[in-house]
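Visitor: From just these sequences and the hints, can you work out the full model?
Here the working numbering = 1-based position in the sequence shown + 21.
Simulated from the structure, these hints should not be mistaken for laboratory data. Since this is a predicted model, take the numbers as computed values, not measurements. Hints may contain errors.
In silico lysine-lysine, DSS-like type, Cα no more than 25 Å apart, as pairs [what the hints assert, rightly or not]:
#	residue 1	residue 2
1	Lys69	Lys57
2	Lys51	Lys80
3	Lys62	Lys87
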Amino acid sequence: MVFLFVCIAIILLFISLIFAKIKIEVVDFKFCSRTKRHFNKDYEIKIKLCVFSFIPIFKINITKSKLEKMKLKEKIKNINFSELKDNQKLDKKILIAIRKIDIMVKEIELYVEIGTENASLTAILVPALSTVIAIILRKNIKDFEHQVFVIHPVYQNQNLVNISVSGIFEIKMSHIINVIYMFHKKEKKGVKEYERTSHRRSYGYSYE
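Guide: Structure (structure tokens):
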């Protein structure tokens, strides 16, 4: 009876994870290239794991002060990106799996101001950037009714970028599980190939 109860609990947990979603809420995130501190201090990023799409079971709040305490910048500087690039585990199949993670946009308020030292370049850049962002958002937005997306050109003979964004984004847990499975499958395959290769080499040397 206890074994049956445990099995049912595991099955329900597995099903709930498959249909779970990660909700990311961005509150008042701003970037300004003209100021010494490019990012504002009072932004907040809320990450929730919701089962059956609406029941939150896990929550993390990220603020600028928390990131500074974690010393995230120092940790990023210590990462050797060249090694990651040359890592054979990051093959095309895994990259394709990562790209399949669809980030759905539930709500968004995006304001962008962009300017360059060349007024003609600014006039060309703004509509081009607007088109690219519109295409990206169109693929990931379900409800267009309450979305705000504005890009303004700034003609001040200087290079600048000002961004302000708030929004709610969702990622299906099934997509993340698929990527984790691809990584695990690739790593396991790599170990087996290495074992077979080393076996052949030891046999060859003994033959000599």
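Visitor: Are the hints correct? Go through all of them and say.
Guide: Going through the hints against the structure:
1. Among the hinted pairs, Lys69 with Lys57 is inconsistent with the structure: their alpha-carbon atoms are about 32 Å apart, more than 25 Å.
2. At roughly 23 Å between alpha-carbon atoms, Lys51 and Lys80 fall within 25 Å of each other, so this suggested pair holds.
3. Distance restraint check for Lys62 and Lys87: the Cα-Cα separation of roughly 11 Å lies within the 25 Å cut-off, and the hinted pair is therefore satisfied.
The structure fails to meet hint 1 from the earlier list, while all remaining hints are met.
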